[in-house]
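Peer 1: Protein chains in written order, with full-length UniProt numbering: chain A, 1 to 332; chain B, 1 to 312; chain C, 1 to 339.
What the hints contain is simulated information worked out from the structure, not anything from laboratory work. Even glycine gets a Cβ: it sits at the ideal position worked out from N, Cα and C. Be aware that one or more of the hints could be misleading.
As the list claims (entries may be wrong) - Taking lysine-lysine pairs in the DSS-like style, the calculated list, with each CA pair at most 25 Å apart, reads:
#1 C/Lys-164 <-> B/Lys-207
#2 A/Lys-239 <-> A/Lys-32
#3 C/Lys-107 <-> C/Lys-10
#4 C/Lys-107 <-> B/Lys-200
#5 C/Lys-107 <-> B/Lys-207
#6 C/Lys-54 <-> C/Lys-10
#7 C/Lys-99 <-> B/Lys-207
#8 A/Lys-73 <-> A/Lys-25
#9 C/Lys-54 <-> C/Lys-107
#10 A/Lys-319 <-> A/Lys-25
#11 A/Lys-21 <-> A/Lys-298
#12 A/Lys-319 <-> A/Lys-298
#13 A/Lys-145 <-> A/Lys-117
#14 C/Lys-99 <-> C/Lys-10
#15 A/Lys-298 <-> A/Lys-25
#16 A/Lys-319 <-> A/Lys-239
#17 A/Lys-136 <-> A/Lys-117
#18 C/Lys-164 <-> B/Lys-200
#19 B/Lys-199 <-> C/Lys-107
#20 A/Lys-73 <-> A/Lys-32
#21 B/Lys-207 <-> C/Lys-10
Unchecked claim - Only part of the chain C face toward chain A is listed, based on derived beta-carbon distances under 10 Å:
#22 Ser-203
#23 Val-232
#24 Ser-271
#25 Ile-284
#26 Val-290
Single-letter residue listing:
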Amino acid sequence: MALLEVNNLDVRFAVRGGDLKALRKISFSLDKGERLGLVGESGAGKSVAAFSILNLIARPGYIAGGEILFEGKNLAAMSDRELRRIRGNRIAMIFQDPMMTLNPVLTIGTQMIEALKAHRRIGTRAARQIALDRLKQVQIPSPDKRLDQYPHELSGGMRQRVIIAIALLLDPEIIIADEPTTALDVTIQAEIMALLLELCEQHNVALMLITHDLGVVSQVTQNMLVMYAGRIIEQGPTKEIINDAQHPYTQGLINALPQMGEPGRRLYQIPGAMPSLNRIPTGCPFHPRCQFATDLCKQEMPEYVTSGNVDVACHEVRKLIEEEQQQREMTS
Amino acid sequence: MTTATANASRWSRFRESFLWYSFKRDKVAIVSFVVFVLIAAAAFLAPLLAPHDPYDLATINIMNSELPPVWMDGSDPSFPLGTDAQGRDLLSTILYGTRVSLLIGFGAVILQSALGILFGLLAGYLGGRVDSILMRIADVQLSFSTLMVAIIVGAVFKASFGNLMFGEIAIYLLILIIGIAEWPQIARTVRASVLAEKKKEYVDAAKVMGYRTNRIMFRHILPNTLSPIFVIGTVQIANAIISEAALSFLGLGMPETQPSLGSLIKSGFDYIQSGSWWITLIPGLVLVVLVLVINLLGDWLRDVMNPRLYKG
Amino acid sequence: MNAPAQPLVKIRDLEKRFDLSGNFLEQLRFRNGRFTRQQEFVHAINGVNLEVRKGEALCVVGESGCGKSTVARTVMGLLSPSGGEIHYDGQRIDDLDGKTVLPYRRKMQMIFQNPYASLNPRMTIQQTLEEPIRFHHPDWNRQTVRDKVHEVMHSVGIDPDWGKRFGHEFSGGQRQRIAIARALAVDPEFIVADEPISALDVSIQAQVLNLMMDAQEDRGLTYLFITHDLAVVEHFGTRVAVMYLGTVCELADTRTLFDSPRHPYTQALLSAIPRLEDDRPNHIRLHGEVSTPVNLPSGCVFHGRCPYANERCRTEVPQLIATDGGAQVACHAVEEGRL
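In isolation and in its complexed conformation, chain A is listed as follows:
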């Protein structure tokens, strides 16, 4: 059994003029120690997915259907009290902005000790020792001094290290990291990513990495899923997808990277932009931007087909696979 299993998750936003479908029938699973990347552009729903796993989705958003099974128990149906025992404790979150987690008027130490005491029966001194250990683990210089500092006294990279230390504080099974390095400089970003990866491997923690950066995903994760307009359009092993993307959108995303283009030449570009939630096209949501779109794509939402180890939601890919099969039958 997978550690975390999300089945047909539907999340909607209740706004004037009806519900907006932010997530439509999302399904994926995460094993112990697995590293999974969630890739998509802004508006794809990747952050909504992360937030809804811990049922942190704020009004007017709500979970309209599906289940989120953590060790077999459905988080979507849990009471707030039960959830609080899982949040931070079994499943930790790292946000893009460290100040979303850090309280600016309390010292780092106070915050870490409080978090420990909230979930464990433990004395202040012991808690402080654990906090110190964790700060050492994230390679913060002079950790005992940092414990008594306030968040604003630290640089951006240091803050994100502290956040990782806090996330690891209670030995969680899963860390959900929502664009953890987007706000940081390239050199710092590389350090933090390497650190996160190292710690997850060391402690056998599963990592769900939400990002728009295909480079980071390709380096850190084993499996990935690509989201578009609230749907997962492609999921499977990261290497297979990066090397041989099936869905036209994923292909476009990869080919649009400057490093894929010939220097000085035009880059491959996907026309148009991600639709906003109130204007999601019928059929395959990507069809207005897709160069392969047919009438079928405009009318019918594609089901998933499996190609190799990758699941893709695309009519054209299905057609190609079917044609290939026919040919194989013909020849044999």
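Dock chains B and C against the given chain A, drawing on the hints supplied.
Peer 2: For chains B and C alone, coordinates are given in the frame of chain A:
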């Protein structure tokens, strides 16, 4: 043709706007707006609606003084709300008085907005010494109460020009006093918005184009600072009306020959003891309702225009 | 190789300090029984020399706080330099006043980072684009102005029929197109682009980059391109200047820089790009805290994080020196052949 379509699209844009949407859903706002429009319409149509002309001394008969409203004994049906101590029809006087109060309220706010916007823009955009000087002036001015300034100016003016002359220009003088006394409120709000706006890149883009400072301030920044001015301005109308009423009540505002709501309340105040409560109470009630609905509208506007609520 | 094109923009010994300490009263400190005046500065740029050659795209890269945006804004006259000079086509422009600077406002334009803030929210697209044209060509009649607006909207891929709409009705990518259209509307020769794509989504970034390259080809533009994204630089730049804490530490042709980076900071920066092909991050790890431009370190600004730093690096400021590879590098270790 083109203007017609432009208007139509502006109207439809308004119909689709968040402003109209939230107005439709807010009962308090709707009721306040309706009451305000009724009072304002009645006041500005006073010459048509009022049964008597309180400014026309020839129609006033002192024998009709202190008649009670129609629902009490000893009333005269031609004076539905009774009469005041001089025999003027109270309903007509209130209508005319509300008109005076509203005129002063709006006039003062227009004046203080003009001053406040100008000084706020200059202080916020130019910064440095201009900012320091203008804002210190504003601080000093805010440390005097409006009433104090008004009392001094009013008293000096009355003493030097006499009551008759004062009566003729009282309305303008009040607008001037209240307008000048309250500009720092608006100036501070504008300055704060300008400080936020001038950091935005569209202002840099305008500078890079080579536009002159005036153009950037008035064409680019000013339109983006108007929302908070609307909110403050609405509340300031209510404040100005109250200030005027207070001044008039102290005898430094509108003369009794062309009374505002405040001077009406004052003129009746002396007769409360003798039982003629309506001369004070009815205009007082109108004043309270008027100020209340304006403040409620201001609250609603503030909620709607708060960008954090709007976008969040 | 053909001879280097003549420089269009010359930045000479540019310095920019920001005063942090407020007015005179706020600077007074009471210490050891007497009042002293204390001033604190952010040293955003410390002696930068750059030349932008006609027709090229000079990319300035660096991390936040390295002064790259300050260079851009100083070149555009949004900030006045604390020291040094800026020349455009042989003419010194940093000391020009209101009237005399106007022709340069037309020739030099800027594209900004945040497409959500760079369009005036109370103006329609038509107004946004018409205003600069009218301002710089007061003698043009209405039809000419309109035609010009049509032309630029067309060239950036925005339907001219959308002119009546406001900025907020467009997506980020479309807004950035409109901002580019505004810059192009006055037919500039030189465009400073300050992180023009970093606020955009991946698929939109490619669109905007392509648009900027098309514009460069069609209109013969020269770019000063500010970015933190090295992958973009590799694709877009003719030459690259790498900045760290207000100084240029390496300046080279793009190919040269990416093939053989010399400065230790450039090497670290290049190794930190998350690339698709490799499996494991094997980047050069930098240690030590990043210095701030408020308390500039003595000597080489990078010595605190540099694995090759020695005593000389801690005391003596390195100068940009041409290397045999064609790059200019400001590093004692490179100069001494230690690296």
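Peer 1: B/Lys-207 and C/Lys-10: Cα distance at most 25 Å?
Peer 2: Distance of about 21 Å is within 25 Å: holds.
Peer 1: Taken at face value, is the distance from the CA of A/Lys-25 to the CA of A/Lys-73 at most 25 Å?
Peer 2: The hint holds at about 19 Å.
Peer 1: Compare the distance between the alpha carbons of A/Lys-319 and A/Lys-25 with 25 Å, and conclude whether the hinted pair is satisfied.
Peer 2: holds (23 Å)
Peer 1: Does B/Lys-199 pair with C/Lys-107 here, judged by a C-alpha cut-off of 25 Å?
Peer 2: Roughly 24 Å separates the two Cα atoms, so the pair holds.
Peer 1: Has the given pair, A/Lys-21 with A/Lys-298, been kept, meaning a C-alpha gap of at most 25 Å?
Peer 2: It holds: about 18 Å lies between the C-alpha atoms, which stays within 25 Å.
Peer 1: When you check the alpha-carbon spacing of C/Lys-164 and B/Lys-200, does it fall within 25 Å?
Peer 2: Holds: C/Lys-164 and B/Lys-200 sit about 23 Å apart, inside 25 Å.
Peer 1: For the hint on C/Val-232, just tell me whether its beta-carbon gets within less than 10 Å of chain A.
Peer 2: holds (5 Å)
Peer 1: Has the given pair, C/Lys-107 with B/Lys-207, been kept, meaning a C-alpha gap of at most 25 Å?
Peer 2: holds (14 Å)
Peer 1: Hey, A/Lys-145 versus A/Lys-117, does the alpha-carbon distance stay inside 25 Å?
Peer 2: Measuring from Cα to Cα gives roughly 21 Å; hence the hint holds.
Peer 1: Is A/Lys-319 within 25 Å of A/Lys-298, Cα to Cα?
Peer 2: holds (16 Å)
Peer 1: CA of C/Lys-99 to CA of B/Lys-207, is that 25 Å or under?
Peer 2: holds (13 Å)
Peer 1: Under the criterion that the straight-line Cα-Cα distance not exceed 25 Å, is the pair C/Lys-99, C/Lys-10 satisfied?
Peer 2: holds (22 Å)
Comparing the model with each numbered hint stated earlier shows that all of them hold.
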